[in-house]
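This is what each chain is made of:
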Amino acid sequence: MMGLHFIHLFENDFYALFPELFLTCTTMLLLMFGVVWSTSKAEGYPILTHTIAWLSVWSLVCAFGLTIHSPFSVMVSFYNTFVIDELTFLLKAMVLCSATAAMLMSMEYLKTSMLNIFEYSILVLLSTISMLLLISSYDFISMYLAIEMQSLCFYVLAASKRHSEFSTEAGLKYFLLGAFSSGVLLFGCSLVYGYTGLTNFEDIAKCLAGSALFQTHHSFLHLGMGLIMIGFLFKLTAAPFHFWAPDVYEGSPTSVTAFFAITPKIALLGVFLRLLLGSFYDLLFAWQYVLFFCSICSLFIGAFGAMAQKKIKRLLVYSSIGHVGYLLIGICCGTVEGLQAVLLYLILYIFMTVNVFTIVLSCIDHSKTFRLKYIQDLGLLGQTHPVLALTFSCTLFSMAGIPPLAGFCSKFYLFFAAMGSSLYGLALFGVLSSVVSCFYYIRLIKIMYFEQPSQLVTYGAIDHEKAILLGITTTVIVFFFLCPHSLFLWTYKVAYMFLG
Amino acid sequence: MSATLIGASLGFGMQLYINALRKLPLLRNPWEHVFWTGVGAAAANMNAEWEAKLRKEVAELNKERQATNASFMESILKEK
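So the sequence lines, in the order shown, correspond to chains W and S. So the first sequence is residues 1 to 500, counted in our numbering. So the second sequence is residues 1 to 80, counted in our numbering.
Chain W with its partners taken away, still in its complex shape (with noise of 0.2 Å):
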């Protein structure tokens, strides 16, 4: 009877985490696919690159329709080492649709930057499993051995244009200073775990419920709980800790620079909430100063740095510094409408992100030779390609948060957020710096509608994946207004069974 009682919890569990043994499964089978059939004599050593990244974008697919069909709403599996919840629900979603947007934006570029590697979309697979296990990790060892996972497929993707000076720099820059916020994390959890003795977040919650009101906090706490938010916002890419992102960026494919900037995002802020608002919510208004700094500076250096960029790379890398800083303050918050503010955000910056690297990477010249690189490339695209330039200036409003569009509810809502709790001078500082991120965008429109290029280019036409892409989330940033009711009320739900 004990013996069946067993089996039955532990199939539980593996129906908790159906999609990411599903997408487990096909990532071995894709590899074993990919290595025999590559190097097949017999088949002339065909190049799988194509094939594979379509079964990539198929098992993903399947894997967002086992998530949204899943049987269980709120779960906690694996001996505690798991949760499954609204949140990771939601969260999941948005990361499996995300890198199928990265995988179906970045087939074009595969096949003219001869990027000759199956492996590019095995990594994708593998990275897209270990953020998909962060979401669900409850617990310090399986969140360390996820994000583990996660960096280094990220590390090999930087570095994955092997003819690439640059690329095989950002790879290890990437490395060597992801090894590093690594090791700040888990001396973080370390010292957590020497104060607390536990390693479980809801057990660490239980321990510090009530520790503000007596005011019994140890300095190795504080130490610890410091390291670990530092860690994350090393990852992150919060300022000051920003500091890699820029070369990193550039120096990676394109394709890859698109997939770091929309997906590990969902997953890395996902955990970091979770630890927030969970574990480490009684010690909200000492995280909350670190929080509230960290903010200021990624609007303050997302504004200013994008301003000096001449590539469109590492300017909209400082940009997303600023999508950062701006998320940040709704964290800041600590309230169930600033998690919905934050999670609203994020979903609006998914789609706007997806949306300006699907438009980077399809300013190619018909001769498949010349790709967007420097700002002033940009030169004339009103006149040689004005769908693609009016959808480009769409988006950019919508970056700066300009009404009606998408990227003007989601700030709205934010700085709502953030006065509701308090906090007036962070609101005050994110509508100047919009105003201010406002110059490099409209800057961008004006390159493109009356400045002349450096060199005279005329972008082809755009393949039918990036079309469809660019069509899906400009139809979701230009019409969002009209009906942002089930959005609203979905994060308003997920923040409130999360914090509520």
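No wet-lab data here; the hints were simulated from the structure. Treat the hints with care, as some may be off.
[To be verified] In silico contact screen, one side only, chain W against chain S (beta carbon under 7 Å); selected entries:
(1) T475
(2) S486
(3) Y496
[Said to hold, decoys possible] Residues of chain S placed beyond 10 Å of chain W at every Cβ, according to the derived structure:
(4) T4
(5) Q15
(6) A20
(7) P25
(8) L27
(9) W31
(10) V34
(11) L54
(12) A67
(13) A70
(14) F72
(15) M73
(16) S75
(17) K80
Don't be surprised by glycine CBs; every beta carbon is placed ideally from N, CA and C.
Using the hints provided, position chain S relative to the given structure of chain W.
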């Protein structure tokens, strides 16, 4: 009905936009227009249903929240 119409027109418009992006004549590949019109209509209806479901769930959550707050306040008043 209005959700279907709005969704269908958004889907149709999206296919026109996709063709424009690809520098193709706007009505090239008409079956794709039909496909996206259908997808748009279905998505809008699903969204409307989802929204109604979410509204009900959120109303229940809010009721629960108010009840919890009320009982918490009562317990504080009793202690005093």
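Of the numbered hints stated previously, which ones are contradicted by the structure, given in increasing order? 5, 6, 11
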